[in-house]
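K.L.:
Please build the complex by placing chain B on the supplied structure of chain A, with the hints as guidance.
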Amino acid sequence: MSIRTEQMTLNMGPQHPSTHGVFRLVLTIEGETIKHAEPVIGYLHRGSEKLAEGLLYTQFIPYTDRLDYLNAMTNNYIYCAGVEELLEWEIPERAEYLRVLVMELNRIASHLVWWGTFMLDLGALSPFLYAFRDRDLILDRLNEISGARMTFNYVRIGGVKWDAPDGWIERVKETVKEVRENIKEYDTLVTGNEIFQARTIGVGKISQKEAINWGLSGPIARGSGIRFDLRKEEPYSIYDRFDFDIPTFQEGDVYARYKTRIAEMHESLKIIEQACEQIPEGEIIHKKGKRIMMIKPPAGEVYKRCEASKGEIGVYIVSNGKTQPYRVKLRRPSFVNVQILQELLIDEPIANLVAIFGSLDVVLGEVDA
Amino acid sequence: MDLVFMIIYAVCLMLLLLGAVTYAILFERKVIGYMQIRIGPNRHGPWGMLQTIADVSKLLMKEDVIPKAADRPIFILAPVIAFVPSFAIYATISWSENIYAADLNIGVLYFIGISSITTLGVVMGGWASNNKYSLMGAMRSVAQVISYEIPLVLSIVGVVILAGSLNFREIVFYQESIGLWLIIPQFLGFIVYMIAAIAELNRSPFDLPEAESELVSGYHTEYSGFRYAFFMLAEYTYAIAISALATTLFLGGWLGPAFLPGVVWFLLKMCVFMFIWFWLRATLPRARVDHLMGFGWKVLIPLALLNIVITSIIKVWMG
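These protein sequences, in sequence, are chains A and B.
Read in order, the letters of the first sequence correspond to residues 10 to 378 in the numbering used here.
Read in order, the letters of the second sequence correspond to residues 73 to 391 in the numbering used here.
Chain A extracted, bound-state conformation (with noise of 0.2 Å):
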């Protein structure tokens, strides 16, 4: 005798817990196994890209902001960084260096928001109070040096807004030891909890050559064993004059990429102690840059690309010789990496959905931009 059974369709989101933002998966289920999985974005979109068209090329800054919302320094320099190429202007050197420490900052803090709320994903509840406390000492950081905690603006077209505060370097010194000791101490917390490694050890495999096909970039990637990150593939800004590594793992599990991102933080703040030790005195912007109807890059076109904490983030602009851009395009890191999802979930039960959406590290800001 067999019992009938039936497939039930399941609206996951857009309001629900764990999708972070806005984001909707329509699910297929048979019991608690997931058969097929479309996911439905848009629900944030802006327009963003057509909006910077009608913009003068500084006015655009604060809107790459909003695009992901956790890294908002890097989408600000990658914009920046594609105009002065456009440019072709001469950037300050401590600009430079201010550039690198609120990016590399702020990929520390945008991990640890990723690392609470996978987290709590889990079902772990005090994890997300501690990454945010640590957050919270980095937010400090770069509220005082832009001003704000979240949407910085803070990079400008030929250097930064504003130069480090008195004692700011000093600050920034003391909050990485601080930092390093609480991520050591979340190995301690959660790295070696079973259930934790129970629930993430071989799920949501993607292998090395899934990853190259799709597109991923970033910590999943290099969770598959790809060794490729830009900050060394095609040194940026000043990255070259760092030491440090690039964490690969070749697992390609949740738990790979879970510690390809721990490790990504003790490196970025390798990079930090670096670059407080070595940071000039001087200008920091480029004499035109405070004049923004003077930025009128020649004709041309520009693709420009780096590493954001959720992977290689590209900005192509098309320029007429105006005070606006003719095109804006953006490669949002995200946008790309949440497509797999749907080949990802099939087969999988229910409980391993928020495993695998959470180790992408998906800012819905971002998908839909």
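What the hints contain is simulated information worked out from the structure, not anything from laboratory work.
Check before you lean on any hint, since a few could be wrong.
To be verified - Calculated cross-link-like contacts (lysine to aspartate or glutamate; reagent style EDC-like; alpha-carbon spacing at most 16 Å):
hint: 1; chain 1: A; residue 1: 338; chain 2: A; residue 2: 62
hint: 2; chain 1: A; residue 1: 214; chain 2: A; residue 2: 352
hint: 3; chain 1: A; residue 1: 241; chain 2: A; residue 2: 276
hint: 4; chain 1: B; residue 1: 204; chain 2: A; residue 2: 41
hint: 5; chain 1: B; residue 1: 204; chain 2: A; residue 2: 15
hint: 6; chain 1: A; residue 1: 170; chain 2: A; residue 2: 102
hint: 7; chain 1: A; residue 1: 297; chain 2: A; residue 2: 99
hint: 8; chain 1: B; residue 1: 204; chain 2: A; residue 2: 39
hint: 9; chain 1: A; residue 1: 170; chain 2: A; residue 2: 292
Quick caveat, the model's predicted, so the values are computed rather than measured.
P.N.:
Then chain B, alone, in the frame of chain A:
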């Protein structure tokens, strides 16, 4: 006369229990708060003493929402069915040598039998809500509670074999007579009991039926206001009952040095158990549903059976 006594006892116990649940929730929030480097509730009254009262009064003032698609009578009945058995089991608990309601000679059996009915409330709530998340939460709950009821009962059998009685008072008297809390000779049984009890209570790390990140909030997704408060009340009442059972069986009930009355010792020991459950909640991530089942059937049940065999051999050998 007996009936009057019973009614008075039940009413008093009910009132005390409401107070106990109120402060158990506060205790939980404070403990977890300090473990998460924050302070916990501190706005309402000193140390947030009135926080739960404020929460409950808010819940009571809420509009009574019953979804249109819900199965109305069952939806209304479910929280009651969940609560009544978890309160009924208090009848057999003996708080000290003299404070108890019913001196049943099958106390353990009664406790286990009645407490299983709580699940029925969960299933009814999940089914009647006509919500997919609720249904899945209810299904998980049934699977989990049935799987973990078995090791829970088996772990108690060891105690029963040693004490030679199903009566809670006699079990405590037995511990008094050998001058040893049964946690020591029954350590394996105690461990199995603790793990199974957590699963039975749907508490973290086995809180799958209400796994927030997966199932929104499981079987009570559609419940709000007073009915939701009732489910919470049932949950905490049951948690306190399970701690009371553990105290009686493994920690010698009301036994303790004479400078404090027995009932205080009993309550203190219960607090230890409650604390352990809050501690686990602050520490551990949630287990996965298939791991949970595997662990229950492949590890806990064999361990509990082993414990029974060892206990029986010792019992026979010692005479």
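K.L.:
Compare the structure with each hint and give your call.
P.N.:
Okay, the hints, checked on the actual structure:
Straight-line distance between C-alpha atoms of residue 338 of chain A and residue 62 of chain A comes to about 10 Å, which keeps the hinted pair within the 16 Å bound. Annotation: proposed proximity of residue 214 of chain A to residue 352 of chain A holds, straight-line Cα distance about 11 Å (limit 16 Å). With a CA separation close to 12 Å, the supplied pair residue 241 of chain A and residue 276 of chain A stays within the 16 Å bound. The suggested pairing of residue 204 of chain B with residue 41 of chain A holds, with an alpha-carbon distance near 11 Å, which does not exceed 16 Å.
Of the pairs offered as hints, the one joining residue 204 of chain B and residue 15 of chain A holds, with about 13 Å between alpha carbons and a cut-off of 16 Å not exceeded. Proposed proximity of residue 170 of chain A and residue 102 of chain A is supported: the alpha carbons are some 14 Å apart, at most 16 Å. Restraint check for residue 297 of chain A and residue 99 of chain A: satisfied, since their Cα atoms lie roughly 11 Å apart, inside the 16 Å limit. Between residue 204 of chain B and residue 39 of chain A the alpha-carbon distance is near 12 Å, which keeps this suggested pair within the 16 Å criterion.
Of the pairs offered as hints, the one joining residue 170 of chain A and residue 292 of chain A holds, with about 11 Å between alpha carbons and a cut-off of 16 Å not exceeded.
Every hint from the earlier list agrees with this structure, and none is contradicted.
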